[in-house]
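Asks: Chains G and B are the protein sequences, given in the same order. Note that my numbering has the first sequence beginning at 1, numbered continuously upward. Note that my numbering has the second sequence beginning at 1, numbered continuously upward.
Treat the hints with care, since some could be wrong.
[What the hints assert, rightly or not] Just so you have them, the derived chain B footprint on chain G, three or more residues with Cβ under 8 Å:
#	stretch
1	36 to 43
2	66 to 75
3	93 to 105
In case anyone wonders, no lab produced these hints; they're calculated from the structure. Nothing here was measured: the structure is a model prediction, and the numbers come from that model. Each residue gets a CB set at the ideal place from its N, CA and C atoms; glycine is no exception.
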Amino acid sequence: MGRVLGELEQLLLLGLLRAGGDASGIDLRNDLELRTGRNVLPGAVYTIMERLRTRGLVFAYTGDATPERGGRRRKHYRLLPAGETALARAYGQIAAMAEGVEDRLRTLLEES
Amino acid sequence: MSGLPGWARRVAEWLVTGYDREFVLGDLEQMFGDRAARSGRPRAVAWFLASVLRTAASRIRSGLVAGLAADVRLAFRQFRRAPRVHVGGAAVLTVGLGVATFAWGIYYAEQVRGLQVGGGDRVIELALRDRESGTQRPDLSMDDLEAVREGVPLFELTALAGVSEVQLNDRAGAPDRIAALRITPSLFELLEVRPVVGRLFGDSDTPRGSPRVAILSHRFWSERYRADPGIVGRSIRIDGEPTVVVGVLERGARYLGADPLWLPLGAREDRQAREWSALVKLAEGVDRARVDAALATLSSALASERPEAWRGRELLAVSFGSALRGPHTSTKLRMLSWTGVLLYLMALANVANLFLVRARVRARELAVRRAIGAGLPSVMRQLAVEASLPAGLGLVGGALLADAGLGWYRGASLVYGGGTPGPIWVRYGLEGSHFVLLAAGALLSTVVVSLIAGAWELGRGDMGSLSGRGPATRSFALGRGLLAVEVAAGGTLLLLSMLLLLGAWNLRTVDYGFTTESVMTGTVELGATYPDAEARLAFYEALELDLSAVPGVESVTLATQLPMIRYRGLRRIEVEGWEWDGQDLEQLPVHYADVVTPDFFVTFGRAVVGGRGFNSGDIGDSEPVALVNEPFAQLFFGSRPPIGSRVRVWSGSGPGPWRSIVGVAPHMWMDTDVNHMPQGVYLPMAQAPPAWAQVAIRVRGDPGRFAAVLRQTVARLDPDLPVTEVQTMPQLIRARTRLYRFQSPPFIAVGLAALFLAVAGLYAVVSYLSALRVGEFGIRAAIGASRAELIRRAASTAALPTALGALAGVGLGMYVVRGFDRWLFLVDPWSPVAIGMTVALLVGSTAASSLLPAFRASRVDLATLLKEE
Chain G
1 MGRVLGELEQ LLLLGLLRAG GDASGIDLRN DLELRTGRNV LPGAVYTIME RLRTRGLVFA
61 YTGDATPERG GRRRKHYRLL PAGETALARA YGQIAAMAEG VEDRLRTLLE ES
Chain B
1 MSGLPGWARR VAEWLVTGYD REFVLGDLEQ MFGDRAARSG RPRAVAWFLA SVLRTAASRI
61 RSGLVAGLAA DVRLAFRQFR RAPRVHVGGA AVLTVGLGVA TFAWGIYYAE QVRGLQVGGG
121 DRVIELALRD RESGTQRPDL SMDDLEAVRE GVPLFELTAL AGVSEVQLND RAGAPDRIAA
181 LRITPSLFEL LEVRPVVGRL FGDSDTPRGS PRVAILSHRF WSERYRADPG IVGRSIRIDG
241 EPTVVVGVLE RGARYLGADP LWLPLGARED RQAREWSALV KLAEGVDRAR VDAALATLSS
301 ALASERPEAW RGRELLAVSF GSALRGPHTS TKLRMLSWTG VLLYLMALAN VANLFLVRAR
361 VRARELAVRR AIGAGLPSVM RQLAVEASLP AGLGLVGGAL LADAGLGWYR GASLVYGGGT
421 PGPIWVRYGL EGSHFVLLAA GALLSTVVVS LIAGAWELGR GDMGSLSGRG PATRSFALGR
481 GLLAVEVAAG GTLLLLSMLL LLGAWNLRTV DYGFTTESVM TGTVELGATY PDAEARLAFY
541 EALELDLSAV PGVESVTLAT QLPMIRYRGL RRIEVEGWEW DGQDLEQLPV HYADVVTPDF
601 FVTFGRAVVG GRGFNSGDIG DSEPVALVNE PFAQLFFGSR PPIGSRVRVW SGSGPGPWRS
661 IVGVAPHMWM DTDVNHMPQG VYLPMAQAPP AWAQVAIRVR GDPGRFAAVL RQTVARLDPD
721 LPVTEVQTMP QLIRARTRLY RFQSPPFIAV GLAALFLAVA GLYAVVSYLS ALRVGEFGIR
781 AAIGASRAEL IRRAASTAAL PTALGALAGV GLGMYVVRGF DRWLFLVDPW SPVAIGMTVA
841 LLVGSTAASS LLPAFRASRV DLATLLKEE
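Okay, chain G solo, but in the shape it has when bound (with noise of 0.2 Å):
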C-alpha cells in the first residue's frame, strides 16, 4: 500500500475522474473552485499534479498552443488504474469512518 492520498490530492483525482479520466490542469482548477469554492493557484494544482505522476497514479501529456493562452500549451492528465484504486481507497476509508453520522455531518455542512 502507497502512501495515504493527501486532501488537494483526492480532489483532484475525483475531479479528473469527474472529467472521465482525461483533463488540463486548468480545467482541474476550475472544477474544484466551482464545486468546493476552493481558490488555489494554478501552480499548486501542477505540483501536485507532477507529484501524482511521479507515483505512477496519473499519465501527463502536453496538448496544443491556444490563442487565449498567450500561445502557451497545456498540460493534460489522464487518470491510471493505480490512480484509481488508490483514490477508491481512500474514499473507501472517509466512507467507512463517515458510516452511520451522514445525517449529522449532512447537518452540520448546512448550518454552517
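Given the coordinates of chain G, assemble chain B onto it according to the supplied hints.
Replies: Coordinates of chain B only, in the frame set by chain G:
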C-alpha cells in the same frame, strides 16, 4: 488573444519559474481573459499580478527548501572532493576565532568587565602617579580619599579596601592566619551586599575607642563555625584583640579573594598610610573627562596646601580592575587582546586566500554550470552554502577551543592562587556576545569572500584556458603583501613564544643550588605574645629540638626566608670600608639578609664553601658574626678572601652591629625573582631572633606525612600560634613561581597560533599562485624545464614576502619582548637560542608550506591539460 498587457506578461515571465512555467503562465493568462470578460480589464490585471506574485512567492518558499537541501548535499560532496581546503579553512577559523576569543576573554575578564552590580560601569579606581619617575601606584590613604571626597563633588560613593593577614584565635578550630579584608562601610553599599545574619558595618564601628567588630563571609561561617547563627555577638581574637562578630554576609559575597573576614577601616588605622585601593562611583551623568579635570585641579591644590604629602604626585582615575594588576600587566593584557584581534584578522585573510584557490580550481565547473543554464543566484547560493560548511565547523571549533582555553585559565588561576578565587569581577569564561560577534564576522566574511571569488571566476568568462592567467597573478600583489604581514606577525609572536617556552623549560630544569626533595616547610609568626628576643629564641630552640626528635626527621632549620622564598628579606647592607657619606642610605646596596639556624645549609643538602658555618657558640653574647654567599663575596671582595671583614645590616630602626664574616655560604637562590641580584648575607638566629620564621624539616620518605607533625609540634609548644604555608618545598616553589607558569601560557598559545596561521596563509597563497600558473608550468615542462626548476618557480612566488615578513617579524619581536623581561625565567630577551629557534621554525615551516603546493604544481602534464581544454 487574452488582452493581457505586454508588460504584465513580461512581469509574469520574469517572476514565475519552474519546469511547469509554460502551463502555469498559460492558465493564468486564460483565467485573466475569463475575468476580464466578467469584471473588466483593470480588475483582471490586478488579479493577474496578485496571482503571479503569490505563485512566485510560493515557488521561492518551496524552491528554497528543496534548493537548500540540494546545496547542502553538494556542499558535502565538495567537502569530500577537496577536504584539504575545507578542513584547512575550518582549522584556520578554529584557531583564529578560538585564540581571539580566548585572548580577548582574559583581557575582558580582568580589565573591562567591571563590577556586575547596579551602576558598576560607573565605578572607577584612583591611583597616585609620581610625576618625576612616572610610576603609578594604586594605593591611597584615608586622608587622600577624604581630600578627594571634599574636593571633587562628582562621586556618588567612595570606598577604600585592602587585604592583610591576621591571626585568628577562637574556640572553633586551630589558630590560623587568614586574609582579612579591611574596608570602609561604604563598600558594602557599592557591592550591594547584604547580611544573612546580624548586620553590616555602620558609622559607629569606625571611631577610635569603639568596640572591635568583624563580619564573616558565608563560606568561612559555614566551614569554620558550621553555619551557627549564634556566632553573631560572640567574641573572637584577631591579632590578639577581642573582636565581636556582628554579622555574616550572604552567600557568594566577596571582593578581592575568598575574603573570609571583613574588618572596618577606621580611626585605628594610620590615616596617612597609603595602603588602600580607592574606589569611586561616579554620579549619574558625570563623564571621565570631568573627573580627570577635577582630579588634576585637586592635585595642584593639594600640592600647594600639603606639599609634604603631595608634591610631585597627582591623582589619576584608572579603569576599574586595572589598578589591581598594575599598569605593566594591564599593558600586556591589552597587547594580548589586540594580538587576538590580529590573529582573528589573519585567520579571515587566510580563509579568503583558501577560497580564492578553491574558486580558481573550480572555475571550469562554475562556468559549465552557468553555461548549461544554472541561474547566477542559484550558483551563488550554492557557493554560500559550501562556504558555510567549513565556516560552521570553524565556529564550533573556535567556541570549543576558546571555552577549553578559558576553562584551563580559570582552573590555573585557582591553582596558582593557592585555591583562592580571584577578585569577584574577574570571571574567565566564554562571553556569548563576544563570540557571536566574532563568529558572525567570520561567517559573513567567509561567505562573502567565497561569493566574490566565485563571481570573479564567473566574470572572467573563461573556462580555465591556458592563457589569460597573467593579469590575475599580478593582481594578487595584495595577497602577497598580506602574506608578508602575516609572516611578520607570526615571527614577532613566535619569538615571544619561544622566549616564554625557554623560560618554562628553565623552570623545570634549573638548578636552584639546593635540594628540594624530602623537605617540608611551614611558617610561624610569633606576634605580640613573644615581645622580646629571649622569648622568641626560646620558642625557636624548643621547636627545633622537638622537631629533631621526631622519628624520620633528618634535620631541622628555621630561617626568616627559605631558599627561593623571599619573605621581607631585602635589607641595605654596609660592607666595612664601603665609601658612603654615612647619611644617605640610598647609597648603600640592597641585598638579601637571611637569619638562619646552624643546620640551614645541611637541611638543603649544601655546606659552607669557605670558613665555617654557624654553630652553637654563635649566641647573643658572643661576637656578632655573618656569612656571605658566593655572589656577595665575588661582588664585594673579588679575589680577596672575605673572612675576617665586617658587614652590618640596616633596618628601619638603624644599623645593626658590625658582624665579622666567618664563612662563605654556597650560592643558593634566595628569591624567585630572577632579575634580582643574587647576593646575600646570613645571620645566626641566636644573635637576631626574628618575629617570624619559616621552618624546614628534611625527612626520610614522603615529606607530606610530616605536615601534621609540624602542626602538632607547634601546637604543643603554643596552642594559640598558627602555622601557615604548610607545604613541601616543591609546592612552595611552584606557588612562588606562578607568575611564569600562569601568565605565560596565553602568550605562548597566541605565538604558536600565529605560526600556524602564517603557515596556512603561505600555503594558501602559494597554492593560489601555482593554480594560476598551471598552464605556464605545463608549457615549461613540455619544453624541457626540470621538476626542480618548476618547484623553484612555484615556491619563489612567495619567497620575497616571506623573507621580508620574517625579517620584520623577528626584528619587531626583539623590540617587543623587552617589555616581557620580568616574565622570562632565566632567559635573555635577546636570547640567541630563542631567536635561532624562531628563525628556524619560521623558515622551516614556511618553506614546507610553500614547497608542498609547489611540488604538486610541478607534476603538471601539458597533454592532460590540453585534453581537459
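Asks: Each hint should be assessed against the structure and marked as holding or not.
Replies: These are the hints, each one checked on the structure:
Coverage of the stretch 36 to 43 of chain G by chain B holds [criterion: at least 3 residues with CB-CB distance below 8 Å; count 3]. Only residues whose beta carbon comes within less than 8 Å of a beta carbon in chain B count, and the stretch 66 to 75 of chain G has 9; three or more means the coverage holds. With 0 residues having a beta carbon nearer than 8 Å to a beta carbon of chain B, the stretch 93 to 105 of chain G misses the requirement of three or more and the stated coverage is violated.
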